[in-house]
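K.L.:
Using the hints provided, position chain B relative to the given structure of chain A.
Taken in order, these protein sequences are the chains called A and B.
Residues 1 to 71 in the numbering used here are what the first sequence lists, from first letter to last.
Residues 1001 to 1366 in the numbering used here are what the second sequence lists, from first letter to last.
Everything labelled a hint here was simulated from the structure, so no lab data went into it.
Careful, some of the hints might be misleading.
[Stated by the list, open to error] No more than 30 Å apart at the CA atoms, straight line, and that leaves these computed lysine-lysine pairs for DSS-like:
1. K1008(B) with K24(A)
2. K1008(B) with K1083(B)
3. K24(A) with K1083(B)
4. K1008(B) with K1211(B)
5. K1083(B) with K1255(B)
6. K23(A) with K1211(B)
7. K69(A) with K1008(B)
8. K23(A) with K1083(B)
All values reported here derive from a predicted model rather than from experimental measurement.
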Amino acid sequence: MLIIILLVFITLALFDLPGLIRKKYWRELAVYSGLMLVALVLSVLMLLNVQLPAVTTEIGNFIERVFFKKP
Amino acid sequence: MSYLEQGKISGSQLVILMVGFLLGSSVVIFPGQAARQDAWIAIIIGAVEGGIFALIFTTLARRFPGKTMVEILETVFSPYLGKLIAVIFVWYAFHDGSFVIRNFTDFFTTTVMIETPNIVFAVLLTIVAALAVGNGLEVITRCSLVLVPLTVLFLLVTFLAQLSQVEWTNFLPVFEIPVWQLLKISHSAAVFPFGETVFFLMVFPFLNRTKECRRKTVIGVLLGALLINIIAWGGIGVLGPTRALFTYPAYEVVKMFNLPFINTRFEIIVVINFLTMGFLKLAVLYYVTVLGLGQIFHLRSLRPLIIPIGILMIILSIINFSGITENFEFNTTSNLIYSTFFQLVIPLITLIVAMFRRLPRRERGC
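The shape of chain A in the complex, shown without the other chains:
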């Protein structure tokens, strides 16, 4: 499964990377690699069944603590 994820990411990277390198778009390349790395890490973590924080529920809890004074 891990290999499939890696293969998918490599295939997707092959769509964009050659063009970026050929045109010497270094800033775009940096942003692209950063976002792709975050996406890759999160996908692998999800694959390994790591419990990621439920983002929206956490935002909701934070707002309730600040505005509705819930414990």
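P.N.:
Just chain B now, kept in the frame of chain A:
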């Protein structure tokens, strides 16, 4: 004028795109359901409140013609503080996009294809939206020109066909719930979906005539409110109090059709509506995220952002909530404050600061 988007859209195209955007997830989950038989009143009040939001942010757009929200923020606040606020604004578009994917997958896996895993629908929808975003704003708008009239036609046909099943007493008693609570529910209708038109601050600069944006936004919100009200009327009139049992009332209404001489099982019409409108809403939000991020980092091309943002949106849609009840709880409680912050507070503060700083400065020579 931004070099990242060369497309131009006309005012009437904007109205249609906006109607499609407003219909979005509302074709299955109409807002204001907590108000029971007064949901239609809540939607009307919510649309008025959303219209007031629209007046505020279109004033901002008219003050800075040809500039997107990210550029406005960078002009009004200093480049660094402006970038920070722009990142928060883009995060909201990104987060909202992940909501659309989540609603979409939840709907499909609970009603139509029960045994298919969530991720299949998320990936398919995102691929289609990514193709639309990659082709730019004009293509998304042209998609809406085809899809929105189709959806409106379906809505009207289903509405007329269900008229025979409407129990008019289901609408009574009117104004049963206390006014304060009705206003709170109306506010939840205002932030979802009417206030979400704030994302069009990233689209207004690509209008042929930017000055038109206020009139067109108000028309779009009113048309959207009318169409959502049609869905709500059907839900209230046909289902009555049993509506509270269903997660997707609009779907159940059409499921109850029993027309003579025609086969039943019309509910696939609602699925088609959500398929097309969900795509449209996701495409707009996806586009706003990609364009916003591109302008924050001053990129020369949007293409490299499309794939990573899509993957991250799918991941966020999965880890947003641990269950469908948390989704509804967030939408009825915390979202009232969370969305108001982006839809009202940020545009209003930006407008006030711009007024005090007398921006944009005219070329007068001092």
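K.L.:
Could you run down the list of hints and mark each one as holding or not?
P.N.:
How the hints compare with the structure:
1. Under the criterion of a C-alpha separation no larger than 30 Å, the hint pairing K1008(B) with K24(A) is consistent with the structure, at around 29 Å.
2. Proposed proximity of K1008(B) and K1083(B) is supported: the alpha carbons are some 26 Å apart, at most 30 Å.
3. The straight-line distance between the Cα atoms of K24(A) and K1083(B) is roughly 25 Å, inside the 30 Å bound, and the hint therefore holds.
4. Taking the CA atoms of K1008(B) and K1211(B), the gap is near 14 Å; set against the 30 Å cutoff, the hint holds.
5. Of the supplied pair hints, the one linking K1083(B) and K1255(B) is violated, its CA atoms being roughly 48 Å apart against a limit of 30 Å.
6. The straight-line distance between the Cα atoms of K23(A) and K1211(B) is roughly 37 Å, outside the 30 Å bound, and the hint therefore fails.
7. Restraint check: the Cα-Cα separation between K69(A) and K1008(B) comes to about 47 Å, which exceeds 30 Å; the hinted pair is violated.
8. Our distance criterion of 30 Å between C-alpha atoms is met by K23(A) and K1083(B), whose separation comes to about 26 Å.
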